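Q: One letter stands for each residue in the lines below.
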Amino acid sequence: MKKAKATNPICIRELRIMIIKHPLLGPRDSSEFVYKGDASLLDRPKWNGQKSEKKFYEYGYLRKNPAGSHRELWYHEQGDRSWLVVTRNTISHEIEKVELARDIARKKKAKAK
Amino acid sequence: MKYSGLKIFLEGLTGNKGWKPLWRNPEPKPKYDIIIIGGGGHGLATAYYLSNTFNIKNVAVIEKGWLGSGNIGRNTTIIRSNYLLPENEPFYEFSMKLWENLEKDFNYNAMVSQRGVMNIFHSDSQRDAFVRRGNAMIMSGADAVILDEKDLKKMTPFLDFDNARFPIKGALWQPRGGSVRHDAVAWGYAKGADAKGVDIIQNCEVTGFIIKNGRCLGVETNKGTIKSTKIASCVAGSSSKVMSKAGIKLPIESHVLQAFVSEGLKPVLPGVITFGAGHFYVSQSNKGGLVFGGDIDGYNSYAQRGNLPVVEDVCEGGMAIMPMIGRARLLRMWGGIMDMSMDGSPFIDKTDIKGLFFNGGWCYGGFKATPASGYCYAHLLATGKPHKTAESFLLKRFEKGLIIDEKGQGNQPNLH
Amino acid sequence: MRNIRHPIVRGKKITFTFNGKRMRGFQGDTLASALIANNVKVVGRSFKYHRPRGIFSAGSEEPNALVEIGRGAYQEPNTKATTVELFDGLVANSQNYRGTVNFDLMAIIGLFSRFLGAGFYYKTFMWPKSFWEKIYEPAIRSSAGLGRLSMKPDPSRYDKGFLHCDFLIVGSGVSGLIAAEQIANSGARVLFLEEDFKTGGRLNSEDLIINQIPCSEWAEKCVTRLKKLENVRILTRTSLYGSFDHGIYGALEKKTDHLSKNQDKPRQILWKIYAKHCVLASGAVERSIVFPNNDRPGIMLSGAVRTYANRFGSSFGKTAAVFTNNDDGWKTANDLSNIGVKVVGVIDTRKNIKPPSDKYPSYTNNSIVDTFGRKGITRIKLKTGKILKIDLLAVSGGWGSNVHLTCHKGDKPRWDENLLNFAPSKDIGKQNITPVGAAKGIFALDKLIVDTQKTISKLIKDLGYKLSPTIPITSSKEKYSCAPDWYFSFGKKSAWVDLQNDVTKKDIELSFKEGFRSVEHLKRYTTLGMATDQGKTSNVLGLAIMSDLEKKHISELGTTVFRPPYVPVAIGALAGRSRGKDFKPIRLTPSHNFAQKLGAVFVEAGNWLRAQWFPKEGERTWRESVDREVLQTRRSVGICDVTTLGKIDIQGRDAAEFLNMVYANAFAKLPINKVRYGLMLREDGISYDDGTTARFSETHFVMTTTTANAVLVYRNLEFVRQCLMPDHDIHLISTTDSWAQFAVAGPNSRKLLQKVVDKPKDLSNEKFPFMACTELTICGGVSARLFRISFSGELAYEIAVPTQYGNSLFKTLLVAGKEFNAIPYGTEALGVMRIEKGHAAGNELNGQTTAQNLGMSKLISKKSDCIGNKLSERPEFNKSDIKIMMGFQPTNKSQSIEAGSHLIKMGAKPVLENDEGWLSSVAFSPILGHSIALGFIKRGDLRLGEKVLAVNPLKNKKVEVEIVSPHFIDPEGVKLRA
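Chains as they are written, first to last, in this note's numbering: chain B, 1 to 113; chain X, 114 to 529; chain D, 530 to 1507.
Treat each hint with caution, since some may be false.
Each computed DSS-like pair below joins lysine-lysine, with the alpha-carbon atoms no more than 25 Å apart [claimed, not checked]: (1) X:Lys-144 to X:Lys-170; (2) B:Lys-51 to X:Lys-513; (3) X:Lys-513 to D:Lys-1391.
Think of the hints as simulated: they come from the structure by calculation, not from any bench. The model shown is predicted, which means the values in this text are computed figures rather than measured ones.
Kindly produce the complete structure, drawing on both the sequences and the hints.
A: The structure is reproduced here in structure tokens:
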């Protein structure tokens, strides 16, 4: 007979590399951040638009995954909880640009209108 | 050339003069029946099974660098078939059976060493999940044993039973799991394929595909145009890079995974041990080095090197379960580029372009899959139909909602 | 042998033990220098053939002299004797032998070496199959390996630290010192690292003059000046082991390895260094020459012989010869004869060389064709047939820049044809690394000084620091040229390339013959350069042999990639203090102290420690306690700390719209002072979390998440807020740590709570019905939140107070509940009750479960957008035969079942094709008196009452179970609405 459990498996994710120049907080060790992925995740399709099934499939699953300059989302979890768009070279790991994701998302919305 | 103890003895007596190269270094012919892009483990295995099992010999393997320079040459050498999901487990068990006969098959000692793979659990719910998995394994014809704390204390007395932050409660053990001398797998497959006439062309990089009317007719390379009606990409780690030349976007991100080896030590570990409450797994090579690893670095990368926090994270995991390795020293660390797929499971499939095939998305689990991946890819290339154990590894499975997510992490590659 | 005129003998005497023998050394010795002084020739055994080996070098490039240091749990294998600082009481032992190191039974392997060439094991041991794991492999494994682990937990402590600097200078030899002083004068912050315990690098080993004084004295003066500067920090005994992205470097400082008493202080410190620029003054490493039987004890690198003679005053024997292909060998001959060793010959491979000295016989255009003396060299035979009797042979195959660190980030060294050296490429500056001195490929002292001054001046200027005028430094003039005479073979005799891994010239030839010709194939097939020294003294020799075989220039072959770490680093040091109980932080619930007093048993839940159950006296098993807790709660009232659930405060004009977006079900119309259950999907349509959200005002919501997903949910909410709804007025804050929260469950829960809430709050069913919530005060003014929600299926509430009142509220509730026999209950009882009620939890919400699987597909909003709804419409999610969560109970109620069992039709075989589902959570229900389970089975909703088999092949068990509703108790929800 086994005990019943309400608790989940133990697995703690954290850390990772490099120095990211936070637009508000200056240079921060990347171990303070959590990585999400391609910044195209900002471009969430309209749920009731045309071909939305296909668009959501592409949004959710297909990635350019370039060898070179890559715009990507990092979250300052152990900091001010900003989502950032970091432009980073995936071969050299050099960081070209860091922006607040919210600023970019706002610009996109304004443009869409 | 047939290898045996006798052959070594006779060569030893005659000054080792009679050994021959394991493979030729041919120039590419203008045309082949099948071109395999990628001379790593999976590509060479595909060529081997095409030529040895499916009797298709007019095959070229084209490799950007040296044969075996991909992830077959930079992994932690573990083989196991301890998967949960019905789309995966039969495939990995098929692979395990191929491993068990591999050396006889290709007459090369790749040191397939079945000393067991142990997944330690630390909580009741982890145990429940492992019981479910162990049962799934047995139901698919694999072997699995649930060990309790007492069993573990006998087998691995050096684990930290007394002072662990997360108590060690037992393990799911696969006795047939183990490790293999990774480079020798590439060499053995290359030798076997070459012997049947497969051209393995090293230092040959694909620069483009020849595509006409939705059909792939060949590749452009730094050694010229090579034609074929079947082109098979097999370049995990660089899949997006290569397939983008054909205009195909994949459900894959490239990530770096680091691996580590310690200085040589007299035997200390019985088999492969994985930690269930942190990122750490370890085995000991025949040369005595502890071969270990943990999680991927976690960001898109094509650099074959990682960073410090992961090194520390992995060593912390090691010290948390086996503090007796504290005075062993890390000798070397390196990184490999993984095709991290959207659900953590691979692809062996046709593409929308006729004649262009795709094999990739192996995440950090490609090594153990090498024989079955090669076999199933060869099956698809030769017969046009997927092998029955690889029917779910469809490139467009997500469009329909078929998800093979062992870890339950969703469509974010770095979490698998 | 010790030179009794050397100043070291005036220092403190030190006693140590080697292989059980007590020996004498001096303060300032390394273990290697002391062993040489004690004339110990055989220190270890080689990896493959177990050949006797002695000390070969004087630094971290040592391939041979690996020893085990220390006793018991402190035993440290594979330690290079050349890097061990001698201390009183040091215990060292040889390793990798059976019998004794002088008579190693395993040495018999050497007799069969002709059958054991490179990769022989790939060609045999294949038959019969079962012999591999049982016979061949164990034999290989036990003879391979090197040192032994103690198998005891490492007793030492290791610390970690961070350092920041403008300039990191690596290596304190002449170029490092010049760079440090020049940069320090510019005012920049300098961090100066030296691997050795003594600064000065090669200057300690040479008999040269700088600024009219002996070079070692010059170095000391320089360091004295540097030590006075505030902007300079010098760390000795500190190895830079790796170079990482964005100017981050890893270094290891040995703090107490060299002290007799060291238990109470950290053994080593792992430094993470953030440097704007790195000056690499890591010097050069000497190569050997490949010739027959070149591995005997007593054969040493020429520079090392000078180090032992000049720095430590120790050397082997009295008669020496030098074998060289460059000018360096002559310096060794000179220095040896200066300390009274008789040099009986300098054998120079070069033809047109004019011997710089005639103090000793020279044999130019000559080479060594054999050596003799198994446990210490006795004779050498020259190409010309001449035999020399010696007890020391110094060998120099030329110097190679120490480019290891430049390779870590992918720089490919370039071949300098002039000096026969791999030097850092011109691109190295892109990594903000500036190599100077020998590391840059300049080997003559005078030239190196001038170049370093020039290079550093330019660097200071380029980086915008203040440049002071350069003060000229005079020095002895050095000459360095080298000939490409890499190897000499003679007949069938073995000539070693890689000493530690026993790779010989023949192995490389075999590798070539079998087609392993690329550098990486060569390395992997022969194991060249893969030993603990990473082939520092041998890699180029191997390349040279292969380049001749391939008839390709060495520069075309390239070199294998040096990988971090530069020197091996203890795994314990990389882990630091994150081990044992400190592996991860521990989070305690607000009621932890009181629960502890009550004798609770705790369990790890993520980082939290939670009370699992509260045993009472007389209860012998956990089941007794848990059954009691369940029954008592269901019959009267129980209290459980549920603070670990994630809590997120959501405010703003658009908060309601936001909740509509992040939950699968609609929230916008939730009335104020009401709570609603919410199911959360990932964007891929899988349900990953659930919880309740309460509305306290038009613009204020309080969300709860599961314990496990608290961090993840918050992260995802921030993503939606910032990235998907950037123009909306939404404010989030995690309040998990701010509120202590308790479940108060059971028929008497209302009565109990009525006792603690401040009047006139009325908790009657009419005034405070199921799913109501309110902000109120309790216990005479403590602000609190009350939610009428139920996880157990009973009449139940959750009450939250500011965390600091948590422990006290827990106590208060138990005291106030005495009249109802209120009890605390733990996570086990919580789990049993939620299974009885049919609530999904972690075992069900495992990241693979859809709303459809949970039978909740109707919940998903079809009218408006929400995360995950689109992709949850995909066909595979909505097939007719998907698995549905159901309840299960054994037909024979006395049987128990196990979570993880799979479900198959009655009479079916337990194979994959017949697999219909699985049991996710199992408990013994004390209310029902038998086992119950939640699980998933194909089309379960249509199969109520059907009998299936729960199979557990791991234990060879099967149990007949009936498919029932997952709501084992009170399916209509009468109790929770009472």
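Q: So, for every hint listed, does it hold in this structure?
A: Hint by hint, here is what the structure shows:
| no. | hint | in the structure |
| --- | --- | --- |
| 1 | X:Lys-144 to X:Lys-170 | 13 Å, holds |
| 2 | B:Lys-51 to X:Lys-513 | 14 Å, holds |
| 3 | X:Lys-513 to D:Lys-1391 | 19 Å, holds |
In summary, the structure agrees with every hint in the numbered list given earlier.
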